[in-house]
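Chemist: Given only the sequences and the hints, what does the whole structure look like? Please build it.
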Amino acid sequence: MKRKALLSIIHIFLAASALAGTTEPRDRKDLYFGEALYHAYQGEWFDAVSKLDTEIALHYHVDEPEKDTLHYHINEAKFDVGDFELYYRMHQRAGRAIKAVIEGNVEDSVRNEAIYRLARIFFQKDQPENAERTVERIKGAVPEKVRPELSFLRANIDMALGKNAEAARVLHDLQGEKSLEGFSSYNLGIALIRDGKESEGRRSLDRAGQLNSNDAAQLAIKDKANLVLGEKLLSERNYDSAKEVLDRVSLTGPFTNRALLGSGWADASRDRFRSALVPWTILSEGSVTDPEVEEAMLAVPYAYGRLGVYSKAAVLYGKALEAFGREIDKLGASLTSIREGKFLAALVREEIKQDPNWVVKLRELPETPETFYLLDLMASHDFQESLKNYLDLEEIRKKLGIWSDDLAAFNDIIGKRKAYYQPLLPEIDKEFRRLDSKMRLRLEQRDRIERRLKAMLTAPHPEYLQTKDERVIGEQIALMERKLKAGGNSVPKDSEARIKRLRGLLRFNIYTEYDRRLTEAHKHLLDLNNEIDRLKKQYASFVRTRQAATQSYEGYDERIRAMRSRVTATREKVGELMRRQGEMLETMAEKELVRRRTRLSEYQTKARFSMADSYERATRAETHEQVRK
Amino acid sequence: MNYLRKALVFGITVLLMGSSSYGKDISKEQVKGLDEQVQEIKGDALSISAELAKLEEKLLYPSNTEVSVFVSVKTGETFRLDSVDIQVDGKPVTHHVYTLKELEALRKGGVQKIYTGNLRTGDHDLDVQVSGKTSGGSDFQRSGHFTLSKDVAPKIVEVSFASESITFKDR
Chain A
1 MKRKALLSII
11 HIFLAASALA
21 GTTEPRDRKD
31 LYFGEALYHA
41 YQGEWFDAVS
51 KLDTEIALHY
61 HVDEPEKDTL
71 HYHINEAKFD
81 VGDFELYYRM
91 HQRAGRAIKA
101 VIEGNVEDSV
111 RNEAIYRLAR
121 IFFQKDQPEN
131 AERTVERIKG
141 AVPEKVRPEL
151 SFLRANIDMA
161 LGKNAEAARV
171 LHDLQGEKSL
181 EGFSSYNLGI
191 ALIRDGKESE
201 GRRSLDRAGQ
211 LNSNDAAQLA
221 IKDKANLVLG
231 EKLLSERNYD
241 SAKEVLDRVS
251 LTGPFTNRAL
261 LGSGWADASR
271 DRFRSALVPW
281 TILSEGSVTD
291 PEVEEAMLAV
301 PYAYGRLGVY
311 SKAAVLYGKA
321 LEAFGREIDK
331 LGASLTSIRE
341 GKFLAALVRE
351 EIKQDPNWVV
361 KLRELPETPE
371 TFYLLDLMAS
381 HDFQESLKNY
391 LDLEEIRKKL
401 GIWSDDLAAF
411 NDIIGKRKAY
421 YQPLLPEIDK
431 EFRRLDSKMR
441 LRLEQRDRIE
451 RRLKAMLTAP
461 HPEYLQTKDE
471 RVIGEQIALM
481 ERKLKAGGNS
491 VPKDSEARIK
501 RLRGLLRFNI
511 YTEYDRRLTE
521 AHKHLLDLNN
531 EIDRLKKQYA
541 SFVRTRQAAT
551 QSYEGYDERI
561 RAMRSRVTAT
571 REKVGELMRR
581 QGEMLETMAE
591 KELVRRRTRL
601 SEYQTKARFS
611 MADSYERATR
621 AETHEQVRK
Chain B
630 MNYLRKALVF
640 GITVLLMGSS
650 SYGKDISKEQ
660 VKGLDEQVQE
670 IKGDALSISA
680 ELAKLEEKLL
690 YPSNTEVSVF
700 VSVKTGETFR
710 LDSVDIQVDG
720 KPVTHHVYTL
730 KELEALRKGG
740 VQKIYTGNLR
750 TGDHDLDVQV
760 SGKTSGGSDF
770 QRSGHFTLSK
780 DVAPKIVEVS
790 FASESITFKD
800 R
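Sequence lines, in order, name chains A and B. Mapping to the numbering used here: the first sequence position 518 is 518, numbers consecutive. Take the position in the second sequence, starting the count at 1, then add 629; the result is the number in the numbering used here.
In case anyone wonders, no lab produced these hints; they're calculated from the structure. Every clue listed holds true.
Think about it this way: if two alpha-carbon atoms lie no more than 27 Å apart in a straight line, the pair counts; the simulated DSS-like pairs of lysine-lysine are:
(1) 125/A / 78/A
(2) 591/A / 661/B
(3) 661/B / 398/A
(4) 573/A / 661/B
(5) 737/B / 178/A
(6) 29/A / 737/B
(7) 730/B / 29/A
(8) 388/A / 730/B
(9) 573/A / 683/B
Modeler: Here it is, written out as structure tokens:
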């Protein structure tokens, strides 16, 4: 049982240190990592894990991960996803992720940090033996930032395994460590006391109890140290010192009520009932749901009785009796509510979850017997974890409902796209095929021209570059020549000479213009290439758009069907788990409330007897006074 | 009044134990077993969520038209960001009012994906308007313009806020 107490305190520290350990992303290069952190900083662990997991998976699927922006923070991201999983209470998965880092090809410092984190998970899950085996694997360099935390964890593991002397040795060395101030002194005190070094241990607890800090976790450990030390002194009847130590406990912390009660007893045990009334009266004005307050409601009239103020004692016993009666009724109403199934329904109320202090506020809400004692129930670690699980399951249940609707919406979208595109596409495809064949023809022509021009650079062909007019003229000359030679006639000399001259002139022009024309032809080819490029872009754009149109509705059916059946199956599992988790919560709550009711019934009986006794003493005292007069 | 002393000792024992017991009806193994099943179902839900995100991206935001805008707050800034309005090509596409939790997350270095949409390839106008309070407590409004060049790959723009400026970055 002491181990559990130790664990609970260590958990306070480990949770605080893990939160502090989440990296502050200054100059973060990967926006998606930053997005995961945005959710993590708001405590939205599901989204944080989901985003970062996806980003890490994508990083390993890109062709060149070293060019991916996550490359700069990949180790950090892997540790952070592990931390997020821990916050989301997925210890098994976090453990697997961290083991993958340990087994990967990483530097000693990275591996050792991963080993430390894995050991921390084992320790948090109350498996100190596994935690010990894990930390023993640390070899080589340990990153500076985790060194003190690793030593602290080693000490805690030793304590959990009963190796208090070893733990004390480690904790001694941690006394100067600022980040562990309070925690290391408290644990050192406990380790020393368990190791039989009582006075040294008390000195250490005393040191932790005089810590000067504004940090909530450190203030809690300070109060805890004072309470433990004060209770020890009280049980040894060292009332002066007990009072001094218990009075150091803050009046607004989780240990206030116990300290006030103990402080009163330190006075009462020395017959200083007037002094005892101070803390007890403060305490008795608190919420009657707290066991310490209930005790104080009896302790105050007890003190008045011991001071001889029997009438006041009797009145206060009466008030306590009434308060206990009301409380018993309230407990009865709460039990009825729980048995009627209202407890679980109240736990998942949206408006409650919007407020971080919702559990505390439940007490202020009228007409909520079903959750009135939730804060008290949450003192139990098992109840707290079960409640968190239940709320997580409820969150998943809602998400699954939304996803189911999303899938239906996707189906609608796909249906609409199909209805829109399918009738249009055959006509578009027909037109496209026509344009495509035209385009292919033109491309072939261009290629042919290019080949010819290239060939002409080494083997000139001026006739290839004759103009249309020149070609026509050439054909006309040839036609005239054929006509003149028709029927086997000989061509008249003067006509033959003219034809030759004309042909010569034509040839002259074609040959003398060749170089200029060849240059121009190349220029035109370049222009044509630009046009072709533009055409190709348009073509690619069309193909992409065309593909996108088909892809916008084709190939999803099977995927969506599979997703839908996964969602349905998971919804069923979630429903079943919620039922079982809910039953567990109800049983825990019912047992606790029944226990409280039994205790209050006993208090009621005692109060009733004490009240009668006080009235009798008051009457006797009054009679005595009258006789004396 | 010995019962009071007993109650006190009992109380302190409970405190030292750190947790109370709920009897034999619910064993540690039952709690642990159920917790492990809850962990498994969380894993299933995360896997569905990832699959669904992929499907959503493919279906709603194909890469050739996808545009995402992320916002962040510069290191050390203490101004209070109240709201952000984003317009693309003169049309309002998103408006976000910040909760304290969200603002704190941005100040710590978180990055918010504020908008995802579809745009044709080419240049587009991205206009951002911010309103909030300076660290001195006075109201402020600031606006910034950026020409977003969309090509066939998904487009990502980071908008970073400082009390004196808005910076755009192509990512």
